[in-house]
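Visitor: Sequence:
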Amino acid sequence: MAPLLRDAAERGIRYLEGLDARSVAPAPDAIEGLARFDEPLPAGPSDPAEVLRMLDDVGSPATVAIAGGRFFGFVIGGALPVTVAANWLASAWDQNTSLWNITPGAAALEEVALSWMIELFGLPKETGGAFVTGATVANFTGLAAARHAVLARAGWDVEAQGLFG
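Here our numbering is used: the first residue of the sequence shown is 61, the next is one more, and so on.
Be careful, since some hints might not be right.
To be verified - FRET-style restraints, in silico, Cβ to Cβ: (1) Val218 <-> Pro121: 20 to 28 angstroms; (2) Gly104 <-> Ser151: 20 to 28 angstroms; (3) Gly104 <-> Gly225: 54 to 62 angstroms.
Read the hints as simulated data drawn from the structure, not as lab findings.
None of the values given here were measured: they were computed from a predicted structure.
Beta carbons are placed, not taken as given, at the ideal position from N, Cα and C, and that holds for glycine.
Kindly produce the complete structure, drawing on both the sequences and the hints.
Guide: Pasting the structure below:
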């Protein structure tokens, strides 16, 4: 296992260190090369080192250099060395933070991060919050919270009366 993880780390380091020397957009031949991923379902296990090599050789050149200093297209989380390393560690932990008693360490880190965000945004200490799986769930959660607030202002208690009475 250790050689595979070291190989992944070395490949990731090479990728990040090479971002300033490449185009932000992938070259057309790199995009065409993605067809190499389209292969039949393997009949058995694949060599993990070969899978990693193919992901890097075929996938890395076909990425948009979002982690580089010249990408300004979207608001994307930064790939600073510490964030990449922490992400690798979090992936190795393989935690699901939905319940404290299942993953107390990860849940505690989420609570700290949330309290820091509340402080950074200048919100009241009693402000609640949650981390969700992505933009769709974030939008859905925001709409549900807004609906609850609007109904409460209108004198409707969703918890006691439900949505429709």
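Visitor: Of the hints stated earlier, which fail here?
Guide: 1
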